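A.B. asks: Using the sequences and the hints, build the whole thing.
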Amino acid sequence: MKPDSIFNSLDISHYIYLSCVLFCIGMFGVLMRRNAIVLLMCIELMLNAVNLLFAAFSSYMGDASGQLFVFFIMVVAAAEAAVGLAILVMVYRNTKSTDVGLLNNLKG
Amino acid sequence: MKTLLIIFLGTIVILFLGINKPEKKSLPYILILLLAALSMIPFDWYDAMTGNMAKWQTKYVSIKMLFWDIPALAFSAVLIIASMLVFILFSNQSRKGADLPGLMLFSLCGGLMMTSFTNLVMLFLGIEALSIPLYVLAGSRKTDLRSNEAGLKYFLMGAFSTAIFLLGCAFVYGGTGSLDIISIGRSAGMMGHIGVKSALLHSGIIILLASMLFKVAAFPFHFWSPDVYDGSPNRTTVFMATVVKIAAFAAFFRLFQYAFSDIKGWWSQSMAIAAAATILVGNIAAVRQKSFKRTLAYSSIAHAGYMLMAVLSAPEDGFWALLIYTLAYAASAVAVFYLLDRYGKESEGYSFESFGESGAGNRFASLVLIVSMFSMAGIPLTAGFAGKFMLFSSAFAQYNWLVGIALLGSAISIAYYFRIFKEVLFKPTAGLSAYKITWGEYAGLALALVLTLSIGLWPALITGIQTMVVK
Numbered sequence: 001m002k003p004d005s006i007f008n009s010l011d012i013s014h015y016i017y018l019s020c021v022l023f024c025i026g027m028f029g030v031l032m033r034r035n036a037i038v039l040l041m042c043i044e045l046m047l048n049a050v051n052l053l054f055a056a057f058s059s060y061m062g063d064a065s066g067q068l069f070v071f072f073i074m075v076v077a078a079a080e081a082a083v084g085l086a087i088l089v090m091v092y093r094n095t096k097s098t099d100v101g102l103l104n105n106l107k108g
Numbered sequence: 001m002k003t004l005l006i007i008f009l010g011t012i013v014i015l016f017l018g019i020n021k022p023e024k025k026s027l028p029y030i031l032i033l034l035l036a037a038l039s040m041i042p043f044d045w046y047d048a049m050t051g052n053m054a055k056w057q058t059k060y061v062s063i064k065m066l067f068w069d070i071p072a073l074a075f076s077a078v079l080i081i082a083s084m085l086v087f088i089l090f091s092n093q094s095r096k097g098a099d100l101p102g103l104m105l106f107s108l109c110g111g112l113m114m115t116s117f118t119n120l121v122m123l124f125l126g127i128e129a130l131s132i133p134l135y136v137l138a139g140s141r142k143t144d145l146r147s148n149e150a151g152l153k154y155f156l157m158g159a160f161s162t163a164i165f166l167l168g169c170a171f172v173y174g175g176t177g178s179l180d181i182i183s184i185g186r187s188a189g190m191m192g193h194i195g196v197k198s199a200l201l202h203s204g205i206i207i208l209l210a211s212m213l214f215k216v217a218a219f220p221f222h223f224w225s226p227d228v229y230d231g232s233p234n235r236t237t238v239f240m241a242t243v244v245k246i247a248a249f250a251a252f253f254r255l256f257q258y259a260f261s262d263i264k265g266w267w268s269q270s271m272a273i274a275a276a277a278t279i280l281v282g283n284i285a286a287v288r289q290k291s292f293k294r295t296l297a298y299s300s301i302a303h304a305g306y307m308l309m310a311v312l313s314a315p316e317d318g319f320w321a322l323l324i325y326t327l328a329y330a331a332s333a334v335a336v337f338y339l340l341d342r343y344g345k346e347s348e349g350y351s352f353e354s355f356g357e358s359g360a361g362n363r364f365a366s367l368v369l370i371v372s373m374f375s376m377a378g379i380p381l382t383a384g385f386a387g388k389f390m391l392f393s394s395a396f397a398q399y400n401w402l403v404g405i406a407l408l409g410s411a412i413s414i415a416y417y418f419r420i421f422k423e424v425l426f427k428p429t430a431g432l433s434a435y436k437i438t439w440g441e442y443a444g445l446a447l448a449l450v451l452t453l454s455i456g457l458w459p460a461l462i463t464g465i466q467t468m469v470v471k
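From first to last, the protein sequence lines are chains A and B.
This note's numbering numbers the first residue of the first sequence as 1 and each following residue consecutively.
This note's numbering numbers the first residue of the second sequence as 1 and each following residue consecutively.
Incorrect hints may appear among the rest.
[To be verified] Derived pair list, reagent style EDC-like, types lysine to aspartate or glutamate, alpha-carbon separation capped at 20 angstroms:
hint, chain 1, residue 1, chain 2, residue 2
1, B, K142, A, D99
2, B, K197, A, D63
3, B, K436, B, E346
Calculated from the structure, these hints are not laboratory results.
Computed from a predicted structure; not experimentally measured.
C.D. replies: Laid out in structure tokens, this is it:
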């Protein structure tokens, strides 16, 4: 048996609320901030909120496929961050800035 | 299965073969690879129809996360044909190395996974395998600020919508306890409207709908796509407008028709409104553009609106309508983008006025342009008309108001599709400096023309296959 800890007494709804709050913080960060590096961090926060939710559901239902999904999300998030940072470095070389507000050449 | 493996392994070989050679040199290998992959589809089709596919998969593939049934095979064929057209018509690149075509082929692998997934994990991996190479391709002109901006915007929007998609997956998983779309569909059908699980599933479906609308660039979430299409290099733009859009729609169709068709009442109204708004916004915004490239970007938003009608209609009709429409759209869009690339002037932002001065000397190219434009506008005797007819008739039973709006949208679209004729055909300067078209490009244009006309003049070709499959 698992030792009696505070985590066993928590209901699944607490995890859902926590993940939703984290996800919303990340989402507002993406929508409000102008610095591209902060945007990347906010997207990571959104992905990790989803990871937490998957892990919580998975252990609540005793089904392993949710935890499998978490590993795939981690792998893909790493690949995405690598490509994203490379694009960011390229933009920085041309504009000397990480402010996404400066990128406004495409309009119409 | 064989198709995906052939393309994936072959791409790795092509990357090595193309080192330090001009990109043009790897084109024959790419075409052979795609033809080999395409030639596997009839065999798989036969297996799928006789039921051998299910046996083969249970025998050799222990985890069934991908399943090649008739819709998956048909959309795979459309994706491969569309990428062949892109590779043939946009082969004239002076760059060294085969990395950019290699990225496009890896992206195509992701598209094939999106047509054949049976598990949300595979759908997620397919979307990412499709998108991540495209972020690189969109920003592939490193010193061009417009290309940089397109790459960064596409990356941020893509990653953001992926996070929303994953939240939807998590909610659906919490509601139904499974990631397999067939068992999700089974438990969703048995679920009532009351309770925590039902609330989780309901919100999950709405979040998934929003993220898929994001991916296909439909109305409330379409704002990123004109900028990205405008800023990307032409070959990437046409790849995004055809292969990526078709793959996204194949996945959209599969997800909502397989998993959520029993609870259609929960999402069909919001999707119908999104489709109507997409058609109107896309067409009206396209009329107001000065640049032909941006017009085509907005017109592809409008086309996404038409294709949404297939997801709303009954599974069988919707599938055949979507298949014809995507094939017609791919053939004509690639040809039109090719002529944009050749005739337009990038320095003038591909404005409509810049076309007449340089192009239209070539009769055959003008003919292809006219037929493709007719097809995109949905004029009879072209494939676009057959596709639109099947789409509208499949959706008419339940959503007659939506068909009315779609017809209005098609009428608006004629205004901007025919505007280019005025520049190319009726300018006095036209025909001065004819662009020289190579034999390969003639073959590609002819293939697009044959596809467009054969389906348009002879729709029985497809309905014949349809009756054969249904039997």
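A.B. asks: Compare the structure with each hint and give your call.
C.D. replies: Here is how each hint holds up against the structure:
1. B/K142 / A/D99: The hint holds at about 18 angstroms.
2. B/K197 / A/D63: holds, 16 angstroms
3. B/K436 / B/E346: Given that 20 angstroms is the threshold and the Cα spacing comes to 18 angstroms, the pair holds.
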